[in-house]
Structure formats: C-alpha cells, structure tokens
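Novice: What follows is the residue order along each chain.
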Amino acid sequence: MTRTEIFNELKDILIAEDERNRDVIASCTEETELVEGLGLNSVGILYLVISIEETFQIRFENAGIADFRTVGDVITYIQKKLGEKA
Amino acid sequence: MLGNREVFRKYTDEATFGRIRDMETVSEMWANCIAEYAGAPAVQDPERVWTFAEIEEKAAVFRTVLQKAGLAKGDRVGLLFPNVLEFVPVYLAVVTSGMTAMILPPHLDETAVFGVTMKYQLKAVVYHPVFEEKTGFAATHGAKAVFLPAMTEETEKTPILADVTAADPALIMFTGGTTGKSKGALLSNGAVMQGTVNGCYGIKEIFGQRYILTLPLFHVFGLIRNLMTSLYTGSTLFFCQNNKDMFRDIAVFRPTVLVTVPALAEMALTLSKKFGRNMLGPDMKTIISGAAAVPPYLVTEYDKLGIVLLPGYGLTESANLVSGNPENLKHPESVGYLFPNQEAKIVDGELWLRGRNMLEEYVGEEERAYEDGWFKTGDLARFDEEGLLYITGRIKEIIVLPTGENVSPAELEAKFNELTCIQDSQVFEALNEAGDHILALEVVPRLTELAGVENVAEFVKEACRKVNETFPPHLRVSRITVRDTDFKLTPSMKIERYKTVQ
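In the order they appear, the protein sequences are chains A and B.
Under my numbering, the letters of the first sequence match residues 1 to 86, in that order.
Under my numbering, the letters of the second sequence match residues 87 to 588, in that order.
Check the hints yourself; a few may be wrong.
Straight-line distance between alpha carbons at most 25 Å, and here's what the computed DSS-like set of lysine-lysine pairs gives [as the list claims (entries may be wrong)]:
(1) B:243 x B:290
(2) B:359 x A:11
(3) B:574 x A:11
The hints are simulated quantities; they were obtained by calculation from the structure and are not laboratory data.
Extracted from the complex, chain B is given alone in its bound form:
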C-alpha cells in the first residue's frame, strides 16, 4: 500500500491544496517562511510575540555563535530546553547550518546529560539558563563538547547554509523504539519535511491557524506536528508554560488547532461538561490526537461541540505522521489514510513501513532499524477496502493462551471502549482460583455517562458481558472488574500495562 496525495485533495479547496508542497530541507522551508510570512506572528507566550522575521534575526546570530564555537556542517548539537520561545531560533540555527539537532528531554539529570553527550558524540550542547546546572558535570568530566548558553551577546549574523540536501541528517530524537530500550533515531532533512508536510493533509483550513503547544518538544508529536507544521503553514504557535494554565491561555489566545494526546482531550471534555462551557474556546476547530489509541467516544462528543477530532498514527521513527484521518471522518476507530510517500505492508499481522519520512538508523546501536529494507513497527494492523488503516494491538503485548492461541488485548479493549460508559479498559492474563490462565478485563467507568444509574458496577459489567458475548469463545474474558480508580499512567500518559500475570 502506498500513500497517495490525491486521497486528500477533496477535503481542501484547490488553492489551499496547491500550497501544500513537498520541500527538500528545513533550510528551504525556513527560507520560504521568512519570504512569505516575515511580519506575521510565529510564536507567542503570555508575555511575548515573535514574528518570523524576528526569529530569523535571532537564528542568524546563533548561526554565528555556532560557527565561532568551531562547529560546522555535519556536527551534532544537543539542545537542552524547556518549552520556551528561545528554543525555536536556536533549533532553526542548528538545522539550517547543516548540523544535526538532538533534542534532549528536560528531565535528564546531569549524569544523563554527560552520558548522552559522550554516547552521541555531541560537539556542542546549547542550554537554556534554567538548565545550566545540568551541564556542569559533563563540562568537568571530560566531555569534548562545548556548552553554549542560549542567550548571547553576539550581533554578527550568518545566513542560512544553502548547501544542505534532503539526505543530510537534521534530527536525532529519543525513542523507546519497538523494543522498549531508549535509542536515538536519526531523521534526515527529507524525513523531517515529509513529516511536517503530512500534517497539512485532510484539513480544510490549514494555513494561518493558531496552535497551542502543550506537548513536549523532545517528542516528535510536539516538535514536528505542532511546531514544524505550524511554522510551515505560517501559523502562530502559543507556548503554554504550564499545562495547568492551558485553559486560561486558551481563553486569551483563542487557538484554532490543538495537537494533543487522548488523555488530555478527554480531560478537556470532562472539564467542559463540569463547568458548563467549552473549555477549548469558541475558535477551536480541530484536534489532532495520537500517541495512544483514541476512544471513538471522544470523536462523537467533540463533534457535538463543533470540534472535529482527527485520530492519526505515527512513530518517532517515521518523523511523526504515518497516517491521519481527513475531516468528515466516517470511521473514528481508524487512524486514517497513509500520507504521501509512505509505503506500508502487513506481514503476519505486523505493520511494516518504508518511505521518505522514515529514520536513517538508530545512532550508535547494534540494532538495525531495517530488515530487507522495511521498518518493522511492532504494531498489529489491518487496512480496510477503502485503504483506511486500523491499529489492532502491539506484538509485544500479545497474550499467548495455554491453547497456543494468540490474543491481542488492544483489539478486545477497542471493542469495550466503544461503550460510552467505559473510559478505559485493560485486558490481561490472570490466574483463576484453580490456578488456570484466563483472560481478565478491568474497566474504568465513565461516570459522566452514568448519571442516575443506581448500581454502576453491575450496569457496566452487564454492558461488558454483552460485548464479550460477541467474541469467539477463545477470546472471551472470564473475569470483569469495575475499578474504583483510574489506571496508573506512564509519563507519556498511556495506560501502564500489567507486566506480569495477575
């Protein structure tokens, strides 16, 4: 299966669709942004607004800082920043100088910063002043990198380096990969730009929007779909300083697009119901949601508020977006159509990928990213006759029953999650009183949908039993538990799965 740009044409007017065009490098994109949108606001926080031209002025100065520090095309530069405006010109200076930016998660401690600097042979680490202390250990323990503060007194400007090609590396992003071990995925300029442009497809109004950033920039969903696509489309990106203030920021900034994970989308919906007003503001039109399975309930509930929620699918290794739903989606349980230049096939149920957006390699790892030219995602998937993609589970989460039959918990959970009275669910392997291995289900009820129900636990159990009966006998759960509390979440706000037989 090959992604096709034409699939998305009908969702956008011709003029807008014509403006969505592939670009070779981040340098080309940024030069185009400066030419087209110079005086337009590009990024904003509660106190400041920087135009595209103002960002370029700062980036041009920082290119000089990098050059004077002895750095050149091909060098790797770590970026240690919180989500602040200052990240943007430094990141653009690095990549448009032909260097590779490695976005370091802010939660790394000083020994981890040292370890990453050594392992990935970073020539420099640029840090925001609030993280200065994290660089001290590396600077005094033999790391051969230079450590540069983001604020500079330099005034000399250096232009964008023209001599950068699509094949030149642009980014190293941390990923858990398909094996769970943290690795650095190397993404070329071409891959980053494919991921950036992919974010434009299937949405009626995509240029000149107002985005709000609540995701971390060390995650591809935040960096590419949020920041890069916002820049590419001449939109304005508001940097939320603290997620607890996001609704206050939304009331002032009035964003039109929110890129977020399902857990936060659900929180915003529940708060909207609790306080009797649309917490996402009157101008919000589109929510792009991914990084975890999106319950179809969210799509239908947001539709009632006049907001279209579009589930998509992507990986760090694919420069974020592999597939996405266009507006007026008909199958909310799908993750949409493959984006252009994305090739996919399903082998023994597993989704394999290749294409312009895919990583080059895992840096400094023995583990190879490709086998026979394909990247194995570890995700179980299927396509329907229309070419829509469905993610049905994770290979490593497969439960092998004593009978030898394989069960994908995510596939069963998706069916239970279609019940509006279910907020979250987890299917796992358990032992019954006789010591036999069984399939068990735990669910978190969605109480906003259960007002007036006298016995919530029994009501929910009965609803689950009815769904359970639609499964083939070997896939039916033998125990249903209605939880009093939410599931524990991972740092990326996914449900932490039980790792042992319960």
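Next comes chain A alone, as it looks inside the complex:
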C-alpha cells in the first residue's frame, strides 16, 4: 500500500470511530496531532489501536498510539509493519 492509500484508510477508520469529527478528520494532514488535533482521549486511543490492528492485520507490538504524536507518525509505523509482512 502506498502512503496515500494508508492515509486515506486511516482517515476512514478515524471517521468511522468518530463521525462527529468528520470535517476535522477529512481535512487533517500528516502533521495533525492525535490528541490535540483530533481530540482523542485514552479510551479513544485504545479504540483506534484495536481498529488499526483489525483493519490492517498488523500488531503494534511494544508500541502504542501514545508513542506517536502525529497522524504521519502512525502512517509511517503502519507502512513499516506492512512492509515487514510482505
């Protein structure tokens, strides 16, 4: 998957998880911060991690979303994990 494809998939996940925030998520960039920019709380973060793992069929292993600051950081990690699987 290309970086853009992962980004779009991630936006879909975020919107599915938080429909109220659709406009903010749709216009977010790779620089958008997860907590400050998207308003995720601790359960929201846990929810997101589980959804990403289910959707991309990857494992976060020792890392958690809390270790990532921005949307771009998450995309980089997903891309790396998908690369390892290939």
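Using the hints, position chain B against chain A.
Specialist: Frame of chain A, contents of chain B only:
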C-alpha cells in the same frame, strides 16, 4: 438499612449458595483454595498457566525470603509490580505471613517510591525486575526498608502463618478518598474477605469461572473483585498484558466474566457493532461494571448479546463492593442491593456506611475516617421501597444556584444518559451573555444510534429539550451544546469535570 445475604439466595442454586461462606482471613481463604483446587489453573498469561498448588509453592518460598529479610507479622511491605503473574504468590506470601501489603501504583516515579516508603514506614518493598530502577533512589537516600526482587533463588519453604485474625491488617490501598487527596486506606483481613465474598452474590454460576484482568491491581476493583474473588471461587484469571490485546486474548482464553469500567464496556460494544461480531467471545456471560456510573443503555444492549451487565457500587474504603445487582436485574439505573454485613443510612441525602468490609483508618493522616462510627461517602444516594440503592451525585459536585438551591449534576446527567442517542453528558455551571449563572449541558452523541439522521446536533438537542422539560423549572438547563469530540477522561477513565464556571 442492613445488607442481607438472603436477598441473594434466589439467584443461585442451593448447592452453589451454600458454598458462599464468610471467611475470617486471607490465610484461611488461601488454605481452603489449596485444599479444594490444588491442581486447577488459577492464573494464566499468554505463555504460562499456574495452578493453585504452583502458586503456593512460590508463595511458600517467598515467605522464607521475607522471614530471612527480618520481617515479621505486623510489618508493612510495599509491592511494586505491573499486572503480571509474579504479583500473586508474592502478595499472598506477604498477607498470609500476617504482614500488611501496600500495593504501589506502577506509575510512581523513584522519588514517589521513596516518599511512600518513608511515609507509610514500609519495612520492605518487593519489586518486579522491570521496576528495579524505581527503588534505587529510596535505597540510597536513607529509606530504612529492605528492597527485595520478586525473583529469588531461595528454595526453603515456610507455611502459612496460622496466627492471623480477622482484625489483623491485610492491605493498604491508595485512595482519593472523599476529599480528593491521596491517602492510604488500611483494610483488615476481615474487610478484605468480606469484599471478596461479596463478589459472589447474585450470580447463578460463580464458581469455576474464567476471568480476564484488564484493571490495575493497585485498584480495589482489580485486586478484590477480580483477583481475590477469582481465587476464592476456584476460577482462572487471565492476565491481559496490554489492553490493546484484550480481544485477541479473549478469542483464545474465552473468559466467562469481565470485571470492568463502563468506558471499556462501551468500547467493546462499539467494536462488536463495527466488526460485526461479539468481541467479548462466545462464552462471555457476565460483566461486572462499576467505578463510574453505568449508562442503562449498556445493560440493554449487552442483554441483546446474551450478556448480563451488572452495575454495582463500591469504594476503596469499603474493600470494593458495597452493593451489587443480581442477575435478571429490573432496575439498571440502580447499583443493587447492599451486600451482607453492610450497614448504610442516608443523612441529609449523603450515604453513610459502616460494617465488616470498611477500612480501619487512613494511615498516617490526621483526617479521621469515621464520625460517630460512620464513614461518610460524599455520595448522594437513595433507597427505593425494594431496598435497591441509587447513587444520585457527589456532594462536592453539587452546584449551588444563586437562588440558594442545590443541584446534583449527576442526577440530571443520569436522566439525559437514559436517551440512547446520548453517550456521555455533563451538567455544569456557566455564565450566559448577561453574566448570569446558569445551568448548562454538554452532550456527546452516540452516533451508532443516529444512523440516517440528517441533522444530528438538532435531533439530539430536541431529545434533550424534551427531557429537560420534565424537570422542575429550577433544575432545567438553559444551554445545550452537542460536542464534536469526547470529554477528556481522568486516568481512571471517568469524565474530567469542569472545575470552574464556564
């Protein structure tokens, strides 16, 4: 009002009900566990399974470690562990040696570990190797405790100390108390055992279950309702290593009971809807939920999945459980019936408690736990004619209107939360454009219930307005806001309340 064991009899068959019996001490309970369930699996993680007998072998060795370190009955021992199997034999070794275990939250840094060691006069701190660095500061700055790693090469075994009574202290647990300041609540063996046994009432099948641990063990809900009741009932407790893996663990372990907070129960429900399968697995039968108000919606939605969600009420100071709902609950907004040996009365709306499960004192604090023999919870409550308990708010959260009238936000929020389109709500004091103090409401919509609704904000507002109109005029909110984002949560996953007038 006095809790009555007989209230719960009809929810369990006679044979099972007869097996639920009071015990004086953790030592008595653990000796009984070894006798009855020796070869049964007691705790498990993704790689290991330890039977009751295997835990006792490790506990017996650790009693020797404690003894050789110069510790004796009555001494206080800090336990610094993540949620791992190794905690169990060490914790049992400490308490069944007649010592008092103080469960230290893993997030304490090294200076906090030092401070706690000094303040609570701990004679020893047993630590898991991953926290070794947190003990260095205390060990080199004059703390008079010995610091013992959980792993040992010792082989000599020491039996359970017989000379322990119900009055002997067993635990010190951190609590925010009713004043918000962190304190250590001292719980006797009798209190811990009452809390442990309380967890058995009102559930049809309680012995030999499979539990999953997703709550921290430094919290009474995790330690007593999850670990202790699981041990008492000869059940198996699976230690989830990371909550993000809980559903993967559930798929393999297939638990039958989940003890959790409402926020996680709601997350599991939403994920189940999103991925089109019951994420809690085909064997899950019971969810015990507490530590925050449980929206009635969760009870009815889980019922559709064939899972009974039982809201309860408890405090650190009450060794966890004060009251709980039995199966086939009829009033999901209630926190159930008082458990046996729990005495309660309501004074000026506030719930006061006393009984065998209650704390002895706050250790090292000037603040007294009791006034005239009663513990004041700070919670507003009422009983109905059937004896069911309802928590209606917190005294410290009471809003005093300029008219002098008192408003309990939680009581109003509970009414808004009964709407299925509402996920969370907060009622608070605000200023309108004219600078007048008003009551305001913010709500987080539950979008899974609003599919196909064109204007969500207006739909939700209208639903809230209808509820608002059922209140007496002085309790009605003057401003309703539908949020785009969730409320910020506290570390224990409760909504962080606004502390100032907005």
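Novice: Of the hints stated earlier, which fail here?
Specialist: 1
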